[in-house]
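Number of protein chains: 2
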Amino acid sequence: MSTVKELQDKIKELEEKLEKISQKNVARKKIDEMSSEVVDSNPYSRLMALKRMGIVNNYEKIRDYTVAVVGIGGVGSVTAEMLTRCGIGRLILFDYDKVELANMNRLFFQPHQSGLSKVDAAAETLRNINPDVDIHTYNYNITTVENFDKFTEVLRSSNLTGGPVDLVLSCVDNFEARFAINTACNEFNLTWFESGVSENAVSGHIQFIIPGETACFACAPPLIVASNIDEKTLKRDGVCAASLPTTMGIVAGFLVQNTLKYLLQFGQVTNYLGYSALTDFFPTMTLKPNPSCDDSNCRLRQKEFALKPKPEIAVEAKEEKPIHDDNEWGISLVDESEDTKEQVTISEGVQLAYTLPNQTAVEECEEATADADVSLDELMAQMKAI
Amino acid sequence: MSTVKELQDKIKELEEKLEKISQKNVARKKIDEMSSEVVDSNPYSRLMALKRMGIVNNYEKIRDYTVAVVGIGGVGSVTAEMLTRCGIGRLILFDYDKVELANMNRLFFQPHQSGLSKVDAAAETLRNINPDVDIHTYNYNITTVENFDKFTEVLRSSNLTGGPVDLVLSCVDNFEARFAINTACNEFNLTWFESGVSENAVSGHIQFIIPGETACFACAPPLIVASNIDEKTLKRDGVCAASLPTTMGIVAGFLVQNTLKYLLQFGQVTNYLGYSALTDFFPTMTLKPNPSCDDSNCRLRQKEFALKPKPEIAVEAKEEKPIHDDNEWGISLVDESEDTKEQVTISEGVQLAYTLPNQTAVEECEEATADADVSLDELMAQMKAI
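Those protein sequences? They're chains E and L, same order as listed. Each residue of the first sequence is one higher than the one before, starting from 1 at the first, in our numbering. Each residue of the second sequence is one higher than the one before, starting from 387 at the first, in our numbering.
For reference, chain E alone in the conformation it holds in the complex:
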């Protein structure tokens, strides 16, 4: 039997241990105003230095902006972390998935977070990294009818003054969710970026979409949806996609870099930027909206855009003739005005563009049979044969 003194000492020891651990996990204090002061204790010194370097005129304005990130997986979580470290004003996170050990081959989440919802786990880490960012989380699937309305309501009313968010970043892994975002952004006139990584993990892309001004996701549709084939019938049971922290980190980097260029008005925002890891090839292109787009709100935005004076980032049309004369959706490609950039054919753009959904529940993997490098023409021929 221990003495009271021994018990009291034991309590003191345990309390000290707990105190030490809680000190270790405490986030830094909030900072009222971004300062340029170059001291080791200033988390913003290297960002504010962008002003001194002549890159950004008004870096601190980043605190006025609200960005929604839809999908907090391999790309979305790193996207959210980069925006948090850059000191974005408000960050709105949507996901309905849980963290699993199978996600550990990508950046951000850690093994001890397994089982937590991705949005809750992400918010905890991000608040610890930068408590100045106001983080809101929504743990639901945006594609159900009921949730879609909640989703659009959040997008329309969540900026720092109660208005629409300044930008939506799509980091989802399936067509259905991309279409939900596209539908919402066309209807409520929201500017957004689409992003994706191929199922073989070695290519990816980002695409900047201003409703009415650049092609929407339905203007240059993924082939499956364009022919009204149900995505689910095309998925191969048991196929599990590969992924790499490199490709996903690079795509997130492209996404946030172009987000910073758009919000803080420096450099040129790229309309479409692809990444092919095997050869380090980076196709860029500009996609014009399709006047006969299936989405009536896209057609409406196109009419509105035709009537207003063009802003600086407007698409410069040089050559309006579609490269594929025979393509049935009238997709046309426009040359980049800079001659340093690659011009690519639509088949190269499309083959990199989309990825199969995350098969988290799948227990067994079969051999993948689809060829990720099939061209647009081949896919069109295949679809017509169905």
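Worth flagging that the hints you see were computed from the coordinates, not collected in a lab. Every value quoted in this text rests on a predicted model; they were computed, and no experiment measured them. Ideal Cβ placement from N, Cα and C applies to all residues, glycine included. Just so you know, not all the hints are guaranteed correct.
As the list claims (entries may be wrong) - Derived Cβ-Cβ restraints for the label pairs, each shown as a range:
(1) 127(E) x 402(L): 19 to 29 Å
(2) 17(E) x 526(L): 26 to 36 Å
(3) 64(E) x 562(L): 50 to 60 Å
(4) 562(L) x 307(E): 54 to 64 Å
(5) 32(E) x 680(L): 36 to 46 Å
(6) 682(L) x 16(E): 32 to 42 Å
(7) 16(E) x 664(L): 50 to 60 Å
(8) 449(L) x 139(E): 35 to 45 Å
(9) 694(L) x 61(E): 50 to 60 Å
(10) 161(E) x 664(L): 24 to 34 Å
(11) 391(L) x 15(E): 11 to 21 Å
(12) 514(L) x 58(E): 30 to 40 Å
(13) 17(E) x 514(L): 12 to 22 Å
(14) 64(E) x 664(L): 52 to 62 Å
To be verified - The calculated lysine-lysine pairs, modelled on DSSO-like cross-linking and capped at a C-alpha distance of 27 Å, are:
(15) 51(E) x 30(E)
(16) 17(E) x 29(E)
(17) 403(L) x 5(E)
(18) 29(E) x 484(L)
(19) 30(E) x 61(E)
(20) 403(L) x 10(E)
(21) 5(E) x 396(L)
(22) 17(E) x 30(E)
(23) 5(E) x 398(L)
(24) 51(E) x 29(E)
(25) 403(L) x 415(L)
(26) 12(E) x 403(L)
(27) 484(L) x 51(E)
(28) 29(E) x 403(L)
(29) 10(E) x 391(L)
(30) 447(L) x 416(L)
(31) 17(E) x 415(L)
(32) 484(L) x 536(L)
(33) 98(E) x 416(L)
(34) 12(E) x 398(L)
(35) 536(L) x 12(E)
(36) 17(E) x 5(E)
(37) 447(L) x 10(E)
(38) 391(L) x 17(E)
(39) 10(E) x 396(L)
(40) 17(E) x 447(L)
Given the structure of chain E, go ahead and fit chain L onto it with the hints provided.
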């Protein structure tokens, strides 16, 4: 005065709290063998899927390799995290700096790690993410005479069978450290990647260096060193560099992606890959070694290379005439064999290539006066005028 029962209850309560916290922070258990099984609990399923997708023949071979990362800052820390999540066999980390809040605008380190040495903080996080990776840390400046010998000894004897490391990744932020790595790799015939991010944070590059086969860091020298001007006299007191998590994450992604291609033998390893964020421009080129390189070990490696049959990744010389006929170091550029790649002039490559050292101790920042976009010709003219 509390009763013994009360004290015992208190101890029980504190012990439960501690137990809960330690469970939360516990890393996952070690995994003996990489499996392709697609279950949520397998952290390697999405990497092993690269085999099924036809990208990599033998992914599990990654466990046989040892990579040294020199410099655990904005690029090096993300590089180390990507390699850890990919399941590299052994990782050797070098740095002599401490984590500061001023580093929080880049990925990886968190505020509660402020004050810890970068290598210790990184090792703790990385072991938690993937306990299967064998992590060794060295907390010293590699450029002092005594430490340089210790550094080369580690590089020569630290792989999994006691031989030289399989690859060295330079993620340092100054010329002196790059030259130390270059000297070591030429002397001991070690393959390495150089990397860098510009002081205005909007461009970066990686360069693959096989001694004797591709240009070393002294073959295509940074201009300051080539003219024997002391780097320190050129640094402007009080200038603090800008940095962004995007640019550094992208450069780390390029570095690790090309590391994976090199180690696991898939795709094409790019000799030089640049990134210009403002326009999303990605110059690539191949740099041949300089027969009159100042480094005698480089010249020795060149002679050895000339005598051996060329491996698959050998440089294909198409055009050996230097683009700048008047350049005094005889630097020559070789076209990429693929016509999808950009050809760039040396001035574009060099202007992106190097960055000023981290000025962590600097208290005040003056206006930056040097022009980061100055061309090679202009710099040569400036140097001749000195």
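Against the structure, the hints:
For residue 127(E) paired with residue 402(L), a C-beta distance near 26 Å keeps the hint of 19 to 29 Å intact. In this structure the hint that residue 17(E) and residue 526(L) lie 26 to 36 Å apart at CB holds, the actual value being about 32 Å. Taking 50 to 60 Å as the suggested C-beta distance range, the pair residue 64(E) and residue 562(L) does not conform, at roughly 41 Å. Taking 54 to 64 Å as the suggested C-beta distance range, the pair residue 562(L) and residue 307(E) conforms, at roughly 60 Å.
Separation of residue 32(E) from residue 680(L) is about 52 Å and departs from the stated range, judged on CB atoms against 36 to 46 Å. Range check, residue 682(L) to residue 16(E): Cβ separation about 59 Å, and the 32 to 42 Å hint is violated. The hinted window of 50 to 60 Å between residue 16(E) and residue 664(L) holds, with their beta carbons roughly 52 Å apart. Remark: the range hint 35 to 45 Å for residue 449(L) to residue 139(E) is upheld by a beta-carbon distance near 36 Å.
Range check, residue 694(L) to residue 61(E): Cβ separation about 57 Å, and the 50 to 60 Å hint holds. Distance hint check: the CB atoms of residue 161(E) and residue 664(L) are about 30 Å apart, consistent with the given range 24 to 34 Å. For residue 391(L) paired with residue 15(E), a C-beta distance near 19 Å keeps the hint of 11 to 21 Å intact. Remark: the range hint 30 to 40 Å for residue 514(L) to residue 58(E) is upheld by a beta-carbon distance near 39 Å.
Range check, residue 17(E) to residue 514(L): Cβ separation about 19 Å, and the 12 to 22 Å hint holds. The hinted range of 52 to 62 Å is not satisfied by residue 64(E) and residue 664(L), whose Cβ atoms lie roughly 22 Å apart. Distance hint between residue 51(E) and residue 30(E) is fulfilled; the C-alpha atoms sit about 22 Å from each other, no more than 27 Å. Proximity of residue 17(E) to residue 29(E) is assessed by CA-CA distance (about 22 Å); at most 27 Å being required, the pair is judged to hold.
Note on residue 403(L) and residue 5(E): the hinted pairing holds, with a Cα-Cα distance of about 22 Å set against a maximum of 27 Å. Of the pairs offered as hints, the one joining residue 29(E) and residue 484(L) holds, with about 20 Å between alpha carbons and a cut-off of 27 Å not exceeded. Among the hinted pairs, residue 30(E) with residue 61(E) is consistent with the structure: their alpha-carbon atoms are about 17 Å apart, no more than 27 Å. Under the criterion of a C-alpha separation no larger than 27 Å, the hint pairing residue 403(L) with residue 10(E) is consistent with the structure, at around 14 Å.
Distance hint between residue 5(E) and residue 396(L) is fulfilled; the C-alpha atoms sit about 14 Å from each other, no more than 27 Å. For the hint pairing residue 17(E) with residue 30(E), the CA-to-CA distance comes to about 26 Å; that is within 27 Å, so the pair holds. With a C-alpha separation of about 16 Å, the suggested pairing of residue 5(E) with residue 398(L) holds against the 27 Å cut-off. Restraint check for residue 51(E) and residue 29(E): the C-alpha separation of about 24 Å stays at or below 27 Å, so the hint holds.
A C-alpha spacing of about 22 Å is found between residue 403(L) and residue 415(L), which places the hinted pair at or below 27 Å, so the restraint holds. For the hint linking residue 12(E) to residue 403(L), the alpha-carbon distance of about 14 Å falls within 27 Å, and the restraint holds. A threshold of 27 Å between alpha carbons decides the hint, and for residue 484(L) with residue 51(E) the separation of about 26 Å falls inside it, so the pair holds. Proximity of residue 29(E) to residue 403(L) is assessed by CA-CA distance (about 25 Å); at most 27 Å being required, the pair is judged to hold.
Note on residue 10(E) and residue 391(L): the hinted pairing holds, with a Cα-Cα distance of about 14 Å set against a maximum of 27 Å. Taking the CA atoms of residue 447(L) and residue 416(L), the gap is near 17 Å; set against the 27 Å cutoff, the hint holds. A threshold of 27 Å between alpha carbons decides the hint, and for residue 17(E) with residue 415(L) the separation of about 24 Å falls inside it, so the pair holds. At roughly 21 Å between alpha-carbon atoms, residue 484(L) and residue 536(L) fall within 27 Å of each other, so this suggested pair holds.
Distance restraint check for residue 98(E) and residue 416(L): the Cα-Cα separation of roughly 22 Å lies within the 27 Å cut-off, and the hinted pair is therefore satisfied. A threshold of 27 Å between alpha carbons decides the hint, and for residue 12(E) with residue 398(L) the separation of about 13 Å falls inside it, so the pair holds. Among the hinted pairs, residue 536(L) with residue 12(E) is inconsistent with the structure: their alpha-carbon atoms are about 44 Å apart, more than 27 Å. Restraint check for residue 17(E) and residue 5(E): the C-alpha separation of about 19 Å stays at or below 27 Å, so the hint holds.
Pair hint residue 447(L) plus residue 10(E) does not hold up; C-alpha atoms about 49 Å apart against a cutoff of 27 Å. A threshold of 27 Å between alpha carbons decides the hint, and for residue 391(L) with residue 17(E) the separation of about 22 Å falls inside it, so the pair holds. For a cut-off of 27 Å, the pair hint linking residue 10(E) to residue 396(L) stands: about 10 Å separates their Cα positions. The hinted pair formed by residue 17(E) and residue 447(L) fails the criterion: a straight-line CA distance of about 42 Å is larger than 27 Å.
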